[in-house]
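Sequence order for the protein chains is F and Z.
Count along the first sequence starting at 1, add 3, and that's the number in this note's numbering.
Count along the second sequence starting at 1, add 3, and that's the number in this note's numbering.
Everything labelled a hint here was simulated from the structure, so no lab data went into it.
To spell it out: a stretch of chain F is covered by chain Z in this simulated footprint if at least three of its residues, at any positions, have a beta carbon under 8 Å from a beta carbon of chain Z; those stretches are:
#1 148–157
#2 189–201
#3 319–325
Some chain Z residues well away from chain F (every beta-carbon gap over 12 Å; in silico):
#4 T13
#5 G24
#6 I42
#7 D67
#8 L104
#9 A110
#10 E118
#11 K121
#12 H170
#13 K191
#14 V231
#15 E247
Now the in silico label distances, taken between C-beta atoms and shown as ranges:
#16 T119/Z - R285/F: 53 to 61 Å
#17 L309/F - L317/Z: 16 to 24 Å
#18 K121/Z - T296/F: 49 to 57 Å
Note that the structure is predicted; figures quoted are calculated from it, not measured.
Cβ atoms here follow ideal geometry from the backbone N, Cα and C, with glycine treated the same way.
There are 2 protein chains.
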Amino acid sequence: MTLDAKILSTLRGAGDGCVSGAELSHQLGISRTAVWARIQELRSLGYEIEASPHHGCRLRAVPDVLHADDLMSLVNGNHIIGRDIQVFQETNSTNDVVERLARDGVAEGAVVFAETQKRGRGRLGRHWVSPPRKGLWFSVLLRPNLQPPQATQLTVAAATALARTIHEHCGLQPSVKWPNDILLQDRKVAGVLTELAAEIDCIRYVILGIGINVNFSPSDFPAELRAVATSLQIEAGHAFRRAELAAALLRELDRDYDRVRRREFGRVADEWAAHCATLGQRVRIRIGDRAVTGRAEALDDAGALLLRTDHGHLERIVGGDVTLEK
Amino acid sequence: MTLDAKILSTLRGAGDGCVSGAELSHQLGISRTAVWARIQELRSLGYEIEASPHHGCRLRAVPDVLHADDLMSLVNGNHIIGRDIQVFQETNSTNDVVERLARDGVAEGAVVFAETQKRGRGRLGRHWVSPPRKGLWFSVLLRPNLQPPQATQLTVAAATALARTIHEHCGLQPSVKWPNDILLQDRKVAGVLTELAAEIDCIRYVILGIGINVNFSPSDFPAELRAVATSLQIEAGHAFRRAELAAALLRELDRDYDRVRRREFGRVADEWAAHCATLGQRVRIRIGDRAVTGRAEALDDAGALLLRTDHGHLERIVGGDVTLEK
Numbered sequence: 004m005t006l007d008a009k010i011l012s013t014l015r016g017a018g019d020g021c022v023s024g025a026e027l028s029h030q031l032g033i034s035r036t037a038v039w040a041r042i043q044e045l046r047s048l049g050y051e052i053e054a055s056p057h058h059g060c061r062l063r064a065v066p067d068v069l070h071a072d073d074l075m076s077l078v079n080g081n082h083i084i085g086r087d088i089q090v091f092q093e094t095n096s097t098n099d100v101v102e103r104l105a106r107d108g109v110a111e112g113a114v115v116f117a118e119t120q121k122r123g124r125g126r127l128g129r130h131w132v133s134p135p136r137k138g139l140w141f142s143v144l145l146r147p148n149l150q151p152p153q154a155t156q157l158t159v160a161a162a163t164a165l166a167r168t169i170h171e172h173c174g175l176q177p178s179v180k181w182p183n184d185i186l187l188q189d190r191k192v193a194g195v196l197t198e199l200a201a202e203i204d205c206i207r208y209v210i211l212g213i214g215i216n217v218n219f220s221p222s223d224f225p226a227e228l229r230a231v232a233t234s235l236q237i238e239a240g241h242a243f244r245r246a247e248l249a250a251a252l253l254r255e256l257d258r259d260y261d262r263v264r265r266r267e268f269g270r271v272a273d274e275w276a277a278h279c280a281t282l283g284q285r286v287r288i289r290i291g292d293r294a295v296t297g298r299a300e301a302l303d304d305a306g307a308l309l310l311r312t313d314h315g316h317l318e319r320i321v322g323g324d325v326t327l328e329k
Numbered sequence: 004m005t006l007d008a009k010i011l012s013t014l015r016g017a018g019d020g021c022v023s024g025a026e027l028s029h030q031l032g033i034s035r036t037a038v039w040a041r042i043q044e045l046r047s048l049g050y051e052i053e054a055s056p057h058h059g060c061r062l063r064a065v066p067d068v069l070h071a072d073d074l075m076s077l078v079n080g081n082h083i084i085g086r087d088i089q090v091f092q093e094t095n096s097t098n099d100v101v102e103r104l105a106r107d108g109v110a111e112g113a114v115v116f117a118e119t120q121k122r123g124r125g126r127l128g129r130h131w132v133s134p135p136r137k138g139l140w141f142s143v144l145l146r147p148n149l150q151p152p153q154a155t156q157l158t159v160a161a162a163t164a165l166a167r168t169i170h171e172h173c174g175l176q177p178s179v180k181w182p183n184d185i186l187l188q189d190r191k192v193a194g195v196l197t198e199l200a201a202e203i204d205c206i207r208y209v210i211l212g213i214g215i216n217v218n219f220s221p222s223d224f225p226a227e228l229r230a231v232a233t234s235l236q237i238e239a240g241h242a243f244r245r246a247e248l249a250a251a252l253l254r255e256l257d258r259d260y261d262r263v264r265r266r267e268f269g270r271v272a273d274e275w276a277a278h279c280a281t282l283g284q285r286v287r288i289r290i291g292d293r294a295v296t297g298r299a300e301a302l303d304d305a306g307a308l309l310l311r312t313d314h315g316h317l318e319r320i321v322g323g324d325v326t327l328e329k
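Turn these sequences into a full structure, and let the hints steer you where they fit.
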């Protein structure tokens, strides 16, 4: 952890209490003057830190910004995801940034956030709307010991972690639309874009790109999306602190990635199925230039959807555009 | 085609006959002086072109170099593969060069050769020995409309094209070891490295990296490879012209890629099976940190190997290190 992360972590740990300058100086192994300089820096970033010579320091309020040190202090304890975190004010696409890291040999678990993306991507090259500070737009670098067909497990794990976080942290009831959409009241609130580089039988790296519409009001969406998209704020009726939400999600992602690594994908799939709006339904799936309809029966071991087609065959679907047939 | 490619193509078309300067000038749409300048340039590259005022020009001999224009003139007529060809004297890895082209949006069919690679790669990050002018080291950019699990079809198609070329062009009897090795007398003479960039359900691009040991003598191999590797020259007892061999192979690759694109993989797989040294054999396959043994029964639609394990299950294997059990 950096010094800033340690200071924020210590102040958070004290809750409403104060931490003396001497204590901070001791814990960080730097002089009280140096501690003071770091606190001034954090204040300039918007952290409201009360400091009195008698009582010491207290964290009164944190700004709604994403700060790498702060995020790292919040996810301290994660096994893999969030070991390194970077925050960009603006980038074309966080997936592109992480792809460069991947090619430079950076270890798995690195996470890149952007406050806004100029060219955020959804699946199949579609645009992903990502206005400044309205949501969480980030990408995670993974280097799983999986074969390429199993990469779908990671999409499912990410969707499961997203659903659990939105349920437990935000008190909302999300549903998952296979393979990668998270819905609230049938409108899309979050999504996962999984990109991979591989040989035929070995994954080099996977990039999980995740977007969550957090504090959008309806007018923040382009007109054509208002009927199909929503945000946590719209559904809950109040805004959410993005840093805490991001940290909660990184913790849940870490947990589900750990399950995949320990070959316990079955447990992830069970939890996923409990949230799933697709299983048991009649669906129409468009795959490239063809379409199949049938009943979504189950996920298989690799995370693919097993569809009982109208002809009675069980077809294994690794991806496509799903529409519920009502 | 470039001017050089057109000149070489025209001279080749005349066989032992001559083509007059006026004819070349007419066909190329440039002045006779300009034709003469190009011929001088080709001579400087080692092409022996006889030119007399009375009879015109005749191609007497071509050097054993790879020349992009020449290769393009030789594969003229291919649908896709070889529409653009580049030749490097030296590069780290032709797959890396093609990857940069892919990311720059270059169309499929581009081919990059190198006379030598400093860091040629085999599967799973292994080194591939590629000394100057002893072999063919090249990579092909493809953008197939396939789902990621079907990428194995392209490895099989490349192996099939390699085997057919070595059989028909070189008069040798190659066998294919699943998934990607071409053998002569049980020693490796060529290999395919398939790399892909993908979303879960859609391939962005595939790079086929192909290496063939052409004119190696035994002493050209590092000592540790002499027992397991061979070359066309060693097996045939004479050297081969690399440009003609390269062109023949690009033509065969184009043919098999066309079959895959027309959803006729079954025909490729049948031809592959006829060359295959793996099917019907008892094999041991190491996949990451586990190993399975059994009888290699067949290829499935996606190009994966169906293995009847010793426990009687039919296991679907997308890749691994195969050893024949004798």
